[in-house]
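The primary structure of each chain is shown beneath.
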Amino acid sequence: EVQLQESGPGLVKPSQSLSLTCSVTGYSITSNYWGWIRKFPGNKMEWIGHISYSGSTSYNPSLKSRISITRDTSKNQFFLQLNSVTTEDTATYYCARELMSFDYWGQGVMVTVSS
Amino acid sequence: DIVLTQSPATLSVTPGESVSLSCRASQGISTSIHWYQQKSNESPRLLIKYASQSISGIPSRFSGSGSGTDFTLSINRVESEDFSVYYCQQSYSLPWTFGGGTKLELK
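Listed in order, the protein sequences are those of chains A and B. Sequential numbering of the first sequence, starting at 885, is according to our numbering. Sequential numbering of the second sequence, starting at 437, is according to our numbering.
Here chain A stands alone, though its shape is the one from the complex (with noise of 0.2 Å):
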């Protein structure tokens, strides 16, 4: 069975950035596309971008400035980074396989920015 799992700190300060880990089992990351999405307070949902199976990547260009998606196959896990967070990016944070539609989601990180 896939699954995925979202690691990473709960409080980030403003302007510092923001480091994400999602730990795939069951699938290999060397297959398919791999996203990051978003739901902030209040249920709006925010695509991130993604990770191919080949490595190359597509950001959502409300955030492309800011952010960075990596891999590391040999451990099969893919991660986010945020720079420069303010508050309007605090978020629940979320992991998913991406097939044009999201399959297998994570259990979600909720990220707040604050000092």
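Keep in mind that the hints were calculated from the coordinates and are not lab data. A few of these clues could be false.
Okay, derived cross-link-like pairs now, PhoX-like style, lysine-lysine, Cα gap no bigger than 20 Å in a straight line [stated by the list, open to error]:
| id | chain 1 | residue 1 | chain 2 | residue 2 |
| --- | --- | --- | --- | --- |
| 1 | A | Lys928 | A | Lys948 |
| 2 | B | Lys543 | B | Lys475 |
| 3 | A | Lys928 | B | Lys539 |
| 4 | B | Lys475 | B | Lys539 |
| 5 | A | Lys928 | B | Lys475 |
On a predicted model such as this, the values are computed, not experimentally measured, just so you know.
Here the structure of chain A is known, so what remains is to put chain B in place on it, guided by the hints.
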């Protein structure tokens, strides 16, 4: 970006009723729409893909329809476990976008 507008924002129903949730796209997207259910403190769950394709393990009371700009998620005879928030998502063009959600609540 393609904007998805879901309506209504909240739908109050009694168990046993049948309901339809709407998702309208700002431009034609063929059938590139997917539906999710999210219960409190859980991750979203894929219900329907490509407007009407069923997903293994999802109860048959959930169905989808539509193409172009107007899409519908139907729930035949709502059960108590169905009270949650429902989202649509488009995969017609990047960036993928989500609708604002419809909350299905107990009347």
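To see whether the hints hold, each was checked on the structure:
Distance check on the hinted pair: lysine 928 of chain A and lysine 948 of chain A sit about 19 Å apart at the alpha-carbon level, within 20 Å; holds. Note on lysine 543 of chain B and lysine 475 of chain B: the hinted pairing holds, with a Cα-Cα distance of about 17 Å set against a maximum of 20 Å. Pair hint lysine 928 of chain A plus lysine 539 of chain B holds up; C-alpha atoms about 12 Å apart against a cutoff of 20 Å. Using a Cα cut-off of 20 Å, the hinted pair lysine 475 of chain B and lysine 539 of chain B holds, with the two alpha carbons roughly 10 Å apart.
Taken as a hint, the lysine 928 of chain A and lysine 475 of chain B pair is honoured in the structure, with Cα atoms around 15 Å apart against an allowance of 20 Å.
Hint compliance for this structure: every hint is met.
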